[in-house]
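Trainee: Given the coordinates of chain B, work out where chains F and Z should sit on it, guided by the hints.
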Amino acid sequence: MPEYESHEYDVIVIGAGGAGLRAAIEAKERGLRTALVCKSLLGKAHTVMAEGGAAAAMGNVWPEDNWQVHFRDTMRGGKLLNNWRMAQLHAQEAPDRIYELERWGALFDRTADGRILQRDFGGHRYARLAHVGDRTGLEMIRTLQQRAVALDVDVYMECKVLRLLKDAEGRVSGAIAYWRASGDYVEFRAKAVVVATGSVGKSWLYTSNSWESTGDGHAMALWAGADVIDMECIQFHPTGMVWPLSVRGILVTEGVRGDGGVLRNSEGARFMFDYIPAMFAAETADSEAEADRWYEDHLHNRRPPELLPRDEVARSINSEVKAGRGGPHGGVFLDIASRRSAEYIRRRLPSMYHQFKELAGVDITAEPMEVGPTCHYIMGGIRVDADTEATTVPGLFAAGEVAAGLHGANRLGGNSLSDLLVFGRRAGMAAADFAEGRSGAPSPEAGDVERALSDAEAPFGREGGESPYDLHQSLQRTMQALVGIIRTESELVEALEELDELDDRATRVSVTGGRVYNPGWNLATDLPSMLTVSRLVAKGALERRESRGGHTRDDYPKADPELGKVNFVQRLGSGGEFTIAPEPLPEMPPELQRLLEEEHS
Amino acid sequence: MSELTMRVWRGDPEGGAFTDYPMPAVEGEVVLDVIHRIQAGPAPDLACRWNCKAGKCGSCSAEINGVPRLMCMTRMDELPTEEPVVVAPMRTFPVIRDLVTDVSFNYEVARRIPPFTPGPPPPGGYRMKQQDVERGQEFRKCIECFMCQDVCHVIRDHEENKTAFAGPRFFIRLMELDSHPLDEEDRREFTRHDAGLGYCNITKCCTEVCPEHIRITDNGIIPMKERVIDTAYDPVVWLGRKIVRRGARRPASTAGTAGEQPAAEESATA
Amino acid sequence: MSTLEDVEPVSVNLGGVRGGPDVRTLRRDAWWRFPAATTVFLTVIVTYLAWAIFQNAYYFVGASAHRDLISPFYSPCITGSCVPGAHGTFLVLHWWTITPAIFAAAIPGGFRFTCYYYRKAYYRSFWQAPPACAVADGHSRYTGESRFPLVFQNAHRYFWFLALVFNVILTIDAVMAFRMPGQGGIGVSIGTLVLVVNAALLWAYSLSCHFCRHACGGHVNQFSKAPVRYRLWKFLTPLNHRHMEIAWLSLFWVTFADLYIRLVASGWISDPKLF
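Residue numbers (the numbering used here), protein chains in the order written: chain B, 1 to 601; chain F, 1 to 270; chain Z, 1 to 275.
Chain B extracted, bound-state conformation (with noise of 0.2 Å):
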């Protein structure tokens, strides 16, 4: 077995976007030992590419605005599949999480007299994201790993954790991981650890994710005994760009599209208002003329339906271009060219501007862009208790986009980094409390690092093997063509097929070169937990016969209330295979079930 090199501390954080971030000052400022743990450089987790901003109700835009109004817009952008108490957590916290950032140093943009600017976003009753430009996530990350710096926090850059480890009772207990640059492996031996690992995106072909987002913590997680639930519920964001190919799955605002931005077809119609649901008939512009009124006069016209939620509108993206009617690089046009002056689309979306400008060479006020949907972000993950962001194994807890619970079926947009925020915090206080309750030191088992290492070591074995690029691309291609945007029974059983072909090749992966900075051998560490969460999305696609928020069946078109009533829990069987049950939501006290009700008015 390799060497290794081992650190004790109270408390570990793997992942530093803004939920780990978050969770490590926590702990930090209770006095304890801490390390952060992350895959990339400090700073460049994928936090830094939100662009809208941080939901919060602050009333600072809107004094009409509260937690409660919060809350039943993050329960019914969710489906109602949420945990009602993360869902009541976040609203409630969300104000004063957005205030210490501003402690910490972030500079928001700012109303007439001097408080945190708010602004409108899709399925928000009031304007309420606190934001920065289009640059919100960077300011974030920035102002957290300022933060984190000024604590002392031990940070351990590019270094990719394995696997978590346990000690003789069951508590994690740690983690075993290797550092990027030198391929040595180092051992962490920690009594509280805090996974907060992001999405799951790269398991697809078109992702707006980056490539760290290979849902280590899902499977890590997973693989230690923990609960997850939904997995099937992924976002597929309505536009992305198509073209060029190497730039296919970025993310295209979706201020585009408050901004005037209209989708049309290959035949020039604006084919959204042949898609509008029943659910939202009512709040939805019948005709073009009404539609264009409405940006100018919101309260006697009603919304146009280019900003239906995400997911109406990635799939009516989807049926147009399979009837045919989608563009030359198989998307479809977003207009704003047609629509705005260019000095006003220049102002307003000064890096969407740039970005097709410098990437794709086109001009957005003179021509359209031709979008479609992209894998985007994972409702699902691993379960937590609302209050402590504990999974179900003893020490270990989970926050941020890796943990389930708050966006239900589907995530309103901004609310990802206030749930960063608050859930972080929280977890980096549980785990602290955790910490500080146990004794002794922390003692994993030796045998799961001789696991862990040797499984790790084994494609340095073999030679003529599988490539783990083409593994790679033959798993994107298997999810993005069976467990999409749109899932049907007969593709998702095909597609757990192929997964188990997949698995077999993954055991024949070979990479060549040493373990310096290998990224050939960094991608064949990542496969499993790749496989893994794949395994758990499909699985999870089956067996919830029903559509709901990001999760769209062909043959179960329709909501199943009985199914909103549950989640589907996956864990680990004692004979390793995955399980997968249904268990019922937990119960919404009735005053909250009141609010919910009172907004139908």
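Think of the hints as simulated: they come from the structure by calculation, not from any bench. Warning: the hint list may mix true and false statements.
What the hints assert, rightly or not - Coverage of chain B stretches by chain F, computed from C-beta distances (three or more under 8 Å per stretch; other residues unrestricted):
#1 226 to 234
#2 237 to 246
#3 354 to 361
#4 500 to 514
From the three backbone atoms N, C-alpha and C, an ideal C-beta is built for every residue, glycine too.
Mentor: Leaving out everything else, chains F and Z in the frame of chain B:
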């Protein structure tokens, strides 16, 4: 499809050399795409750092045809492809492998910057107007690609200066903090003395390579130089301050820690 | 005040092997064009000015030619050697016999020498530190402006104040250039326009100066509490961002103004009256 040649530097701390990879040209690609195709084909272990591939994280900095650029934002069709496209790692930092360099210098400097230190919030919370935050917001656009650090000849050509020079990225950070409307610490002496602002001879290469188009020199470094002159090199201001003691801000200590200092940690950090 | 020597060094490992080949640069574009052009341009202008300053003649076109035009380099003409008619009104240093242009060489010359833009230009071209971005500077040791003598570049602001005096004087000269003694008393000639544009460009150069922007508002931390300084700062910012263009244009123009007056004064050309 036509062919193009990628001339990529391969090497490690022992040394290295350029290797040519003939690749088919594909429409609309950026340099990073071609590097990825090389990884998936002839050189699976070719090391390169990248994350978002959308110009937002600042990971994939390299020197393309000799100029520091983000690989994900450099389109192949803007480069002359009749000759090889030369891709080399950032020169200023020690190489780890191939295109990946050890940028820990920057994180070391970041630890030394005196952190944001606001005064206590007034009743009702802090208030700042848009005009108060705009100047700092420009500096906070920084994605920490470290290309300004890479191109700065103060450390690029004189490695020994690294011990005494913070570099452009941190001068704009210091300017951001020093001009922050809520911050109460005086960072001018730190900037002059510890961060070595005087080493900068304002030749503006940092501004030229900034992918976020931050006016590092005009809006950051020079205003900071002027602030330093106010306190260190201006006898008139010095005399004025002797007579009327105004604007006395707390001078920043040189240790980059805030709040209570917790017990000593295990050593190893990245 | 502590010195740079007692700084606690950044704990960084030096001597790591640096990536890429050991060559001066990998750039393949014509990076040498800018430093080369700057060297040529500055050399030509400085050589001409040195000659013009020490020529100590043909800098004034007076009443005999129905004009009142003085070269910007010889104003204020307050030395004993000044040609009749060009003298300042209030102050004449009769004991001074060498060229009056020495003032212009010292004050506006010093202002430009310490200017943040010109520093960039001559560091890149003459000092080759660095000649261009990502091209090695070739010096064995480098301490920048952190110690003697370059630490005196920080005196830029004093030159700025002194140069303002010259701006005022040259503005008066521009006004005087409307005088046409014996030719209707007042009018506009090419020479008038040359001096008016000259004064305007010199003001633009002073106003776009980085120190000016700092002193007028840049030093303020909370702009909302200093609305006047904020407005000034906002006004000066775009000017400041064009400092390079203004620096070249004003240098070119002031040289041209001297040349024009020199040509008229020496009788090579005449200064046509426009209206």
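Trainee: Run every hint past the structure and note whether it holds.
Mentor: How the hints compare with the structure:
no.	hint	result
1	226 to 234	violated (count 0)
2	237 to 246	holds (count 4)
3	354 to 361	holds (count 5)
4	500 to 514	holds (count 4)
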